[in-house]
Structures are given as structure tokens and as C-alpha cells.
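Turn these sequences into a full structure, and let the hints guide you.
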Amino acid sequence: MKNGIEGISKLWFWLALSLFVVMFLLLMVQIDRQWTRMNEMTRIMEEQAKDIRATRGLLRNLEQTLRTAEFSRNPNSQPVSPKDIRGTDAFERARLAAEKEDYAQGDWLMMAFASNIRTLTPLVSADAYSSEVQQYVLESLLVRNPDTLEWNGLLAEDWSTSSDGLTITFALRRDITFSDGEPLTARDVEFTFNFIMNEAIAAPRSRAYLSRMERVTALDDYHVEFVFKEPYFNSLQLAGSIDVLPEHFYGRFLDDPQTFNESRGLLLGSGPFRLSNPEGWSPDKGVVELVRNPRYWGPVSASFDRIVWRIIENDSARLTTFRNGDIDVYSARPREYQNLLDDEGITERSQNFEYMSPTAGYSFIAWNQERGGEKTIFADKRVRMAMSMLTDVDRVLEEIFLGYGQPAASPFMPGSAQHDEANQAIGHNIDRARELLQEAGFQDSNNDGILETPDGEEFEFSLTYFQDSDDTRRMVLFLRDLYARSGIIMKPNPTEWSVMVENIQQKNFDAITLAWTSGIEIDIYQMFHSSQTVEGGDNFINYRNPELDAIIDAARAEVKEEERMKLWHQAEKILVDEQPYTFLFRRNTMAFIDRRIHNLQKTGLGLNLMSVPVEIYVPAELQHRR
Numbered sequence: 001m002k003n004g005i006e007g008i009s010k011l012w013f014w015l016a017l018s019l020f021v022v023m024f025l026l027l028m029v030q031i032d033r034q035w036t037r038m039n040e041m042t043r044i045m046e047e048q049a050k051d052i053r054a055t056r057g058l059l060r061n062l063e064q065t066l067r068t069a070e071f072s073r074n075p076n077s078q079p080v081s082p083k084d085i086r087g088t089d090a091f092e093r094a095r096l097a098a099e100k101e102d103y104a105q106g107d108w109l110m111m112a113f114a115s116n117i118r119t120l121t122p123l124v125s126a127d128a129y130s131s132e133v134q135q136y137v138l139e140s141l142l143v144r145n146p147d148t149l150e151w152n153g154l155l156a157e158d159w160s161t162s163s164d165g166l167t168i169t170f171a172l173r174r175d176i177t178f179s180d181g182e183p184l185t186a187r188d189v190e191f192t193f194n195f196i197m198n199e200a201i202a203a204p205r206s207r208a209y210l211s212r213m214e215r216v217t218a219l220d221d222y223h224v225e226f227v228f229k230e231p232y233f234n235s236l237q238l239a240g241s242i243d244v245l246p247e248h249f250y251g252r253f254l255d256d257p258q259t260f261n262e263s264r265g266l267l268l269g270s271g272p273f274r275l276s277n278p279e280g281w282s283p284d285k286g287v288v289e290l291v292r293n294p295r296y297w298g299p300v301s302a303s304f305d306r307i308v309w310r311i312i313e314n315d316s317a318r319l320t321t322f323r324n325g326d327i328d329v330y331s332a333r334p335r336e337y338q339n340l341l342d343d344e345g346i347t348e349r350s351q352n353f354e355y356m357s358p359t360a361g362y363s364f365i366a367w368n369q370e371r372g373g374e375k376t377i378f379a380d381k382r383v384r385m386a387m388s389m390l391t392d393v394d395r396v397l398e399e400i401f402l403g404y405g406q407p408a409a410s411p412f413m414p415g416s417a418q419h420d421e422a423n424q425a426i427g428h429n430i431d432r433a434r435e436l437l438q439e440a441g442f443q444d445s446n447n448d449g450i451l452e453t454p455d456g457e458e459f460e461f462s463l464t465y466f467q468d469s470d471d472t473r474r475m476v477l478f479l480r481d482l483y484a485r486s487g488i489i490m491k492p493n494p495t496e497w498s499v500m501v502e503n504i505q506q507k508n509f510d511a512i513t514l515a516w517t518s519g520i521e522i523d524i525y526q527m528f529h530s531s532q533t534v535e536g537g538d539n540f541i542n543y544r545n546p547e548l549d550a551i552i553d554a555a556r557a558e559v560k561e562e563e564r565m566k567l568w569h570q571a572e573k574i575l576v577d578e579q580p581y582t583f584l585f586r587r588n589t590m591a592f593i594d595r596r597i598h599n600l601q602k603t604g605l606g607l608n609l610m611s612v613p614v615e616i617y618v619p620a621e622l623q624h625r626r
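With the working numbering as the guide, the letters of the sequence shown map in order to residues 1 to 626.
Because the hints were derived from the structure by calculation, they are not lab data.
If a hint is listed, it holds; no wrong ones were tucked in.
Beta-carbon label-pair distances, calculated as ranges:
#1 Val499 x Glu348: 34 to 42 Å
#2 Asp175 x Met356: 35 to 43 Å
#3 Gln506 x Asp553: 26 to 34 Å
#4 Glu214 x Met356: 36 to 44 Å
#5 Lys491 x Asp471: 15 to 23 Å
#6 Asp394 x Ser462: 20 to 28 Å
Listed below are the simulated DSBU-like cross-link pairs for lysine-lysine, each with C-alpha atoms no more than 35 Å apart in a straight line:
#7 Lys566 x Lys507
#8 Lys507 x Lys285
#9 Lys375 x Lys566
#10 Lys491 x Lys375
#11 Lys566 x Lys381
Given the structure is predicted, the values throughout are model-derived calculations rather than measurements.
Ideal Cβ positions, reconstructed from N, Cα and C, are used throughout, including at glycine.
Okay, here's the thing in C-alpha cells:
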């Protein structure tokens, strides 16, 4: 009897277990179906979002066309935007990318900076790295078309210039919001100008640029007027390129400018990406991370979920990180580039690009002419000219950079209208350099092989450079040996970036090697005008030349291109003759980029890797960062 009961109990147990298994399997099937439905719903919603964006873009273009027609009927203005409204569309290239069959949103774009960023706060930041981050967050009224180099409307949908050239009026798009959801209006544009021009705000560089403007006025919510004090050749670029700051976010710092000036991560804008916490970033994080702006107003939202920059100061460490697939972009040094072209591990997972951008910046050695209120040995132009003649740029390019670059004669790009072919780069000439130094009173009076200054001191100076650039370090050591052969003691001074920035601001150096970015037609007022020797100004070598000042002022006021170029040629000749900088070279860009990333193209401005609106993407099947 007992055995019978036990048998029945086991039977019930197995029946119950079987039932549980069946119910569990049915539940899993149901869950799988739910997930399938959710995935399908997600897919449908994404498709609908694309359709909505496309429809939104069409409606915007139609509305824009109608507004443009109305705006252009203003008898007091002269339209300067192209007749074809599609030609003014800053999103054209991004829209074409989004229409590709393999286009998909998702994945992260991972990059690296060679040094930490001191601050991400607009205006008070002073390096190219912070500018690179800000371009994804902040937006301007206009952007250049990367193919034609013509101006495209971004925040502005149209613009007009008065007959005297002193007033530019912009018509803003009406559906723009900042990343926190607040609308962007003409009053934010007006605020941005007034904020920059406030002397309590640590923005001397920006104030120097905008000093030619008399005022910026919001005519209503969607029209803003820029009035210039006098004609300025680059007025459209100056007005159109201002990054618009939200008044509701930055306005509070008018009452507390010191907090703004000392801040590290106050960054909020209308761009396709945003900081998760617009007030929470600090340099000690060792990384900068932007997320896609879910409120982005543009007809094409960014493809990447995130853009991340890791701070990797060592060159070899960055390469290792790229090899491991932890970053997507690696900018190679010349010797590396040649070696990596034969590295199957690199070439299998990456695509390589080599090019000279038409806006490639120039490297230089800057000679500080006044330190601590006292003139230095570099205040004598004969000494500066001699130092340039002792600096064998051709050998530096060939032996250090393997020919991946071109010598620079001046700040102006070779082939540009600003450059006069008659103004050639200073060549290597040891004999003439020694003659100039002798004329300036330098001699080896005790025959120890070292030149003495007119005051009897040894000709000795330190050359400050960024410590984590191997190529720069090798160049400085090479120059040390060159200078030593002529009796000059140059002491290399490797310095971390944050300290370099402080030294520049305080003008606390003998000589320093850096690079400036360039442009299609650049304004040299900021670097070489005597007025910019003020604290925080970019004439950090205390170079003063009244003749050059007058020419720069005249060129900036000359709206006729032919006449303006004659003035720039005169300015260039003075810089060649005076050598406030020893102009070194412009370097090719050599980059390896992960093959996951599609739609990489060379444009009239160079590779579109950093272009905004974002054109590059990772197809869904290649995405691996979620």
C-alpha cells in the first residue's frame, strides 16, 4: 500500500514538473514574441522618425523659400544667399548620407586627445581640443559649405547686407531649441555679443575679433541685426561665425563673472550633441563624453549615440589603444605612418588618409621680445632674423617629418590670394646669420665657442615645447645642435600643456614653439597687432610695429578684394623682414580610421571626419558599441 502511494506521489511530481516546464517554455515563447514585437515596433518607430524628419525638412525648405522671398523684398537690403535654396542648406551632405541604404544610427565614435583640457567653457577656453568638443555642442548662424566654401545658413535661414556694407541682418529659423528644450531666439544672439564684450568676462581674444562691431540688436524673436563701426572685409564671417550662447543659462554670470572665468565645464548649446550635465565636467575626469541631443532641431540628427575623447598623452599609448580597437581614429607621426602602412594588423581594420588641408595651420617658433617689463635679446630684429636663418626648416622637414609638409613663409597659405610669391621663406644661411649676430653686438670674446651678448652674458635661452609630442621633442633637440654650432646655447624646456597655456597667458617664456590654425583668408590682427599685447591677448610675444598696425587696420577696412590683397602682401613682407615668428612649416594630416565608419570623404576643407552636421556613420551590422 505504501509503495502504491509513493508511486502515485512520484507520478504527480513528474506531472507537475512537466507542466511547469511546458508553462515555462510557453512563457519564454511569449516573452520572445514580445521582444520581437518590441523590436519591430522600434524599427517601425525609427522608420517613422526618419519619415517625420524628411517631411519636416521638406516643410522647412518650403517655409524657408517663402520667407526668403518675403525677406528679399526688403528694399533696404541686398540678398547675399544663393538663389537656389537647396544650395544654402547646411544639412545637404548629412541628408544625402542618411539616405544611403546602409545608413544607421548607433555606436560610439571614440577618439583621443594628446593632452588634457583645462576647461570646456566657451570663451575662456583657449586650445584646439576644447574647440573641437564645442563645435558639436554650440552652433553659429552660418557655416561654410565644405565643397564650394560658400556660406550656408545654419541657425540663420537667410541674411542680407545693407548697401554701405555696415549692417547685416539675419533671419533665424523658427523651430530651434537648445538641448534643454528652451527656444533659441534673436535675443540669445544679442546676448552672446553683449556677454563677450563685457570686460568682466575673460574673453579678450573674442573681444578683439568683435571690436569692429558697434552693436547687435534683436529686431524681434527671429531677426537680428549686426551693425559695424566701419567697413570690414570679413564682416559676414565675423557675424555669422559667432557661437550662440543661451541667455537663460549664461546670463546669471553677468552678476558673477569670476565664477564663469574660473569654470571648467559650463557648456550648453543647440548643437547635435550635448553634455549629460552641462555644468558637471571637470578636467580630472580624464575623458570628455558627449551624448546625442534628443531635442536637436535639425532635419538630420547625429548618427552616433555618443562621441568620446579619451585623454592619452603618450604617443605610443595612443597607438596601442588604437590597435586594441578602443579608439577609432589615430593621427600618425610621419615615421609611424610609413611603418603602419605595412602593418597588416592596422591596415585590415582601418582606412588611411593623407592630405594637406587648404586651411592647414602653420608651426612656428615665437620669440618673446619683452619679459618682466624688460626687453629681451629677441627685441632686436637682427637676432630674430639670424635665428630664422640658423633654423634649417628643409632639413627639419626631411629628417624629422620625412617630407610630409611644406615650408611656411608667413601666416598666409601658399596658393591663397593673401600670399605674395615675392615673399619667400627665410632660407638656411649660417654665414649671414653670424654676420647679423655680430652686427647686433654678439661675439665670442673668450674663444670658448659661446657667443656673448652685448652685456657680456652668454647667449642662452630656453625653448618651451609640448612635452608629449615626440616629433616636436626631436625637432627641438635637432635645433639645439644646429644653434650650438654657431655658439648659441638653447635649453629645451618640455612642458605639459596646461602649464604652457599659463606661461603663454603670463608671457613667461624666452621662446616657444606652437602652431596656429589657418583659414581661407585670415585676419592677423589677433597675433601681430600691437593692441593685442594686453593681458590675455594673443600677441603674447610683445611684438609692436606701428607700420604693420596701420596696414592691418587698412586691410581689415578694405572691402575691395584686389586692394585688400595688396595690403596683405605689404603686411606679409613686414613679417618676413621682421621675423617675430620663425615660420616653420605646414604639416600633412596622416590618419588611420576604423573601417566601421562609413562616408568618410575628402572635401574642399579636408576630411569630413569632424564636420558638423555629422555625415559619417556606422552601418547597423558593424556596430559594436551600444
